[in-house]
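Peer 1: With chain Z's structure known, arrange chain R on it following the hints.
Number of protein chains: 2
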Amino acid sequence: MQTHSFKMMDGNMAAAYVAYRVNEVCAIYPITPSSPMAELADEWSASKVLNLWGTTPEVIEMQSEGGAAGTVHGALQTGCLTTTFTASQGLMLMLPNMYKIAGELTSAVFHVAARSLATQALSIFGDHSDVMAARTTGFALLASASVQEAHDFALIAQAATLEARVPFLHFFDGFRTSHEINKIAVLADGQIRSMIDDKLVHAHRARALNPDNPFIRGTAQNPDVYFQAREACNPYYAATPAIVQQAMDRFARLTGRHYHLYDYTGAEDARRVIVIMGSAAATVRATVAALNASDEKVGVLQVRLYRPFSPEDLIAALPLTVEKIAVLDRTKEPGAVGEPLYQDVVASLVEMGRKTATTRMPVVVGGRYGLSSKEFTPGMARAVFAELAKTQPKTSFTVGIHDDVTHTSLEYDTAQWPTPDPQLTEALFFGLGSDGTVGANKNSIKIIGESTNLYAQGYFVYDSKKSGARTISHLRFGPQPIDAPYLIQKAGFVACHQYAFVNSIDLLRHARHGATFLLNSPHDAQQSWVSLPQQVQQAIIDKNIRFFVINASAVARDQGMGSRINIIMQAAFFALTDVLPTDEALERIKDAVKKTYGSKGEITVRRNFAAVDAALHHLVEVPVPDTISGTITMPPTVSPAAPVFVRHVTARMME
Amino acid sequence: MQTHSFKMMDGNMAAAYVAYRVNEVCAIYPITPSSPMAELADEWSASKVLNLWGTTPEVIEMQSEGGAAGTVHGALQTGCLTTTFTASQGLMLMLPNMYKIAGELTSAVFHVAARSLATQALSIFGDHSDVMAARTTGFALLASASVQEAHDFALIAQAATLEARVPFLHFFDGFRTSHEINKIAVLADGQIRSMIDDKLVHAHRARALNPDNPFIRGTAQNPDVYFQAREACNPYYAATPAIVQQAMDRFARLTGRHYHLYDYTGAEDARRVIVIMGSAAATVRATVAALNASDEKVGVLQVRLYRPFSPEDLIAALPLTVEKIAVLDRTKEPGAVGEPLYQDVVASLVEMGRKTATTRMPVVVGGRYGLSSKEFTPGMARAVFAELAKTQPKTSFTVGIHDDVTHTSLEYDTAQWPTPDPQLTEALFFGLGSDGTVGANKNSIKIIGESTNLYAQGYFVYDSKKSGARTISHLRFGPQPIDAPYLIQKAGFVACHQYAFVNSIDLLRHARHGATFLLNSPHDAQQSWVSLPQQVQQAIIDKNIRFFVINASAVARDQGMGSRINIIMQAAFFALTDVLPTDEALERIKDAVKKTYGSKGEITVRRNFAAVDAALHHLVEVPVPDTISGTITMPPTVSPAAPVFVRHVTARMME
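These protein sequence lines map, in sequence, to chains Z and R. Taking this note's numbering, the leading residue of the first sequence gets 27, the next gets one more, and so forth. Taking this note's numbering, the leading residue of the second sequence gets 27, the next gets one more, and so forth.
If we strip away everything but chain Z, and leave its shape as in the complex, we get (with noise of 0.2 Å):
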């Protein structure tokens, strides 16, 4: 086992760093928000960065994702290493295809950041319902559930592709796992060539069209001979289970993570399991571990292999106590009677529990969670478990939203549970679309992660509107590994890098006790306190918080930055966090700054440093008055004179 070099990327890096390294060939069309896979291969294709073997790969942008499939299946058919990166209707685009690639048996794997499908609406966020409409074709389907496995399964599905013959979709949540910054263990690449097989590369390469080797393939057949020949693939799909669990077995020799099919973590003798796939498994493993330290008897079991489904290692890793199963889908069939994964279980305990002749089958409910990036927390977690402690549990059943239309979601309790490891620190950060709030932090977070011994998460939220809309990025650091797939419901650290914001949104609501509030404010510090609106003050010293305030817009101005205030922001964060040496801190941001602004010249780099010099000089405590003052109110979120609609439904958006 080789020792790990660590290295803080998101999802979309960590799956592309591997393909890019075991492919030759990669035909793209970006689509959010699996572009940075396509766009980073772009960049080192033309930078010649390696693969294994040491050549560049290809990379060819197309003109649709309906281009770049057809792409991948020519170049496949000539032998060459291939895959594609893409999501929601680009992955529609792709199916066609899909079919025949799989139908031929060709190794290949595409890696997705799912993503929602457009239905009622567009939208960019994630959740399963583009992989789930390709499970038809006969791909088979790997679910990563964090950057490391991110990481690690686009190995897996390389090796067990190049084994098994079935083609593999690689996927993993869009706008979570894609875009979450966290600490893994980078793969060097003599771990990822002891993976590949060169015997079965040389067999992908012999199986090519071309005319030193003549063989007929893609052709038109009859209804003699089609489903015959439909069916000789039974021994490939049969095999492929246990192929990729070898895979895994090899991976764990040479890294030390073990992964399997089907993953179960809880109680040993648990009645209850939620089947889950996807980011949110972690989530459901903190509330089982928080559930079972209350004497609960709870499991959860993960899902990574969905096709070809294994009801065998499903029911083999499935607790013999269990009584009840709610199997959660992260997308919906509108007409179907379950989703996709709550059927695959149950018809896989109805199968299994046949061949094993069990009397006793377990109630088994599914629901939804999660649509569209929809928050899925471990308190929606402990809700699904209360449910399945009720003597007649619902089921079709959705959590996370209220619906007041057909009833079907549960109720779930959104103050902040299970209890936080005390030493891992949680930071929020309000800032606006384009103005380097979330750039910055992204920098923060990577130089705590790689600076120090700490695991450290970065997470940034920001819709559709991207630049000028509000984005709140979450941070976490701390001595364990962080595997938290949702958002911070109390931080230790706030700061609002927008003055308006104060008056707008209710930015302590999510302050734990004795937290610290920074405030970028025009203003000196006593002003700043009178300039609160009476909320914020009384939340302030009900919860104990701490105030300080910078004048970052003045700092940018003076050092001729203009609105660039971010350098400014992320030297107070340093200052009032303990994560580092203020002084190595300042050092690292100046790093980040030479890589980041190095290509626009010296000046702008001086400028950069300046500020960050000039910065502390300016960061004050506000003393904390016992009482409230001033007269300032934040405004309703609408004009109470606005139409019924805006101040019952757009008001409550807004919120």
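Since the hints were made in silico from the structure, they are not lab data. Every residue, glycine too, gets a C-beta built ideally from N, C-alpha and C. Heads up, a few of these hints could be off.
Unchecked claim - Selected chain Z positions facing chain R (Cβ under 10 Å, derived; list incomplete): (1) Met-118; (2) Ser-142; (3) Thr-145; (4) Ala-159; (5) Phe-165; (6) Gln-247; (7) Ala-258; (8) Tyr-263; (9) Val-391; (10) Tyr-395; (11) Thr-424; (12) His-428; (13) Ser-435; (14) Met-679.
Peer 2: Showing chain R alone in chain Z's frame:
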């Protein structure tokens, strides 16, 4: 109830007939086997045939099915009643728009002649893999099982979609129902009119996007509201099954044909039941009738509404006595735990079992049949019932092939079973693609169906090579309705239009005892006999076959018709069967000639008339001796010197 006007037509025309009358826009990109629907609509529009509202529907051909789907979506947004016709890969290109059309709750019907998807090879033939790939879109799926149903359900779907707001995919089996000519009761315009509620049409119009009624649709939604908005369609899907049943009930009052979402046929106390969708339901019905006549207790449940699937209605239709169920799917999804209809039935039984607290769950197994128009006969359905009778019936089985690799296939008896109605005439015609045989036989079966009180069915087998390959016409007629969606097993009449076939095809394998054999022979009676291969002579003697020859090629040459022998053979067919008085039959043939060749000028018509008149003078019965004579034997399919693959695989395919 109005009296019926009976016509002979195929499923494509039957569906298009209604679709054209109830729409204003048809956006098309014709694809086999759905092309005739689009082509007929185009032809009718060019001829200014009017729809129900007295306007000529606009038919727009696009650059691909992707464009056609976009046009459908756009036209629907203007409030037009809009349809399209497609299949297979064409349907795949429509999927992205289908998610949107369904997501926006838009009333529309797509008519699909269901066809295989290209996997290990392309196939133009029929199965459900295309419509199953659309089951995730949120469209309702309504399955027709016969030409009459394709006609009727085109209307029921339109009536239902206007009320339900859920769009419908109405489908029938490609290259079975789509191309089978059968005698149907054609809906009168008044009946069609009665099914379409103008209030609902106006409501559809009122939902149009236009400047007079500004409204926003097709937005981008973010995690704050997408999930809630996605669930907002629930009441519409919940209401759809009842809306469809009500439309079926209304339809029954108008026409006397009463359909249900799930129609059960068989023993009231059946122990074993097959669940199936599409034309093969009729095959299983024939099987059930024959088995129950031998005191078995079996039944068949035909699924008509596949989406939204209604577990309540499914369970209500099943007899309470059922112990074992086989669900047959006409598709294959490698890697899934059973095929889609199977999964829906399993999930329904589990859910309803829990609701009704029934303790006994029937044994349910799943099987695949009929991929790419592979024959599915009553003998195969009997094999499924036999498998169900075993203690541990197989699941994920196949029927209709011999799977010697993964041993999924059930053994079945290829002998003719059950004995057909003795009043039914079955006739087989062997011709060559483009020799006019199929065209003449289409005219023949239309003459029989429309000039007599008999029911009639015509089905035509040719492969994807089309022109130049062998064609086999299967004609059935008799006093009872003919619902036999499988090939003729034993014919009372066998005609060979191409002399060369007597040496290469075992023509009489499908002749029953006492059949009539008509051969287009260049020889006189005696020479025709001695020129037959010994095997054919033996079959004629053994089966007591009456043998007729006609030198149709000589007649055609004499009448200046070149190689076009079809009219002459058609006259001989009518002379040898007693379906119509010969004189009347010849008049009907001449009528058809006028219709078919009228546009080619007076000379062509007159030559055909002369050929019809001359034909019967050349028809000669060959006296059949008691023993074979001559020295001719049929050559082996391929040379014994051919390579192993050709002898063992290609030869079997050719046979």
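Peer 1: Does each hint hold? Answer for all of them.
Peer 2: Now the hints, each set against the structure:
{"no.": "1", "hint": "Met-118", "result": "5 Å, holds"}
{"no.": "2", "hint": "Ser-142", "result": "7 Å, holds"}
{"no.": "3", "hint": "Thr-145", "result": "3 Å, holds"}
{"no.": "4", "hint": "Ala-159", "result": "5 Å, holds"}
{"no.": "5", "hint": "Phe-165", "result": "8 Å, holds"}
{"no.": "6", "hint": "Gln-247", "result": "4 Å, holds"}
{"no.": "7", "hint": "Ala-258", "result": "6 Å, holds"}
{"no.": "8", "hint": "Tyr-263", "result": "5 Å, holds"}
{"no.": "9", "hint": "Val-391", "result": "9 Å, holds"}
{"no.": "10", "hint": "Tyr-395", "result": "8 Å, holds"}
{"no.": "11", "hint": "Thr-424", "result": "6 Å, holds"}
{"no.": "12", "hint": "His-428", "result": "8 Å, holds"}
{"no.": "13", "hint": "Ser-435", "result": "8 Å, holds"}
{"no.": "14", "hint": "Met-679", "result": "6 Å, holds"}
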